[in-house]
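Enquirer: Under the numbering used here, the first residue of the sequence shown carries the number -12, and numbering increases by one thereafter.
Among the hints, a few may not be true.
Computed cross-link-like contacts, PhoX-like style, restricted to lysine-lysine with a CA-CA straight-line distance of at most 25 Å [as the list claims (entries may be wrong)]:
1. -1 to 27
2. 16 to 30
3. 30 to -9
4. 27 to -9
5. 17 to 70
6. 17 to 27
7. -1 to 16
Hint data in this document are derived by calculation from the structure and do not stem from the laboratory.
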Amino acid sequence: IPAKEFYDYEAKYQNAASKLLIPAALDEKKLDFIREQSVKIYKSLDCAGMARVDFLVDKDTEEVYLNEVNTIPGFTHISMYPKMWQATGLSYSDLISELIELAMERNNR
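Please build the complete structure, drawing on both the sequences and the hints.
Expert: Put into structure tokens, the structure is as follows:
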């Protein structure tokens, strides 16, 4: 949740008032829908390795919109991508190991 109207460089990296809610503050049915759509989109684009599928939810209608597929998401210790995985119990170092293993498996096919 950006500290100001737009999630710009300052809001992302310099404003401690910006918050990251993992998971998003949505009901479980909406979260399941977004998870299912994320997997479908990832597979339909034939993505491999890491990617982040971003959605926007209209706060008035709760309609879900695909925002973007980011195939090179930020990967620093303060980036959303590793923080989302950490929220599922996968540590930063385990995430790196998993991505390396997936790349090696793809290379050996």
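Enquirer: Holds or violated: residue -1 and residue 16, Cα atoms, limit 25 Å.
Expert: violated (28 Å)
Enquirer: When you check the alpha-carbon spacing of residue 27 and residue -9, does it fall within 25 Å?
Expert: violated (32 Å)
Enquirer: Given the hinted pair residue 17 and residue 27, is their Cα-Cα distance within 25 Å?
Expert: holds (15 Å)
Enquirer: For a C-alpha distance cap of 25 Å, please report whether residue -1 and residue 27 respect it.
Expert: violated (28 Å)
Enquirer: Residue 17 and residue 70 were given as a pair; does the straight-line alpha-carbon distance stay at or below 25 Å?
Expert: Roughly 21 Å separates the two Cα atoms, so the pair holds.
Enquirer: Could you grab the alpha-carbon distance between residue 30 and residue -9 and see if it respects the 25 Å cut-off?
Expert: violated (34 Å)
Enquirer: Hint check: residue 16 vs residue 30, CA-CA at most 25 Å. Holds or violated?
Expert: holds (21 Å)
Of the numbered hints stated above, those contradicted by the structure are hints 1, 3, 4 and 7, listed in ascending order.
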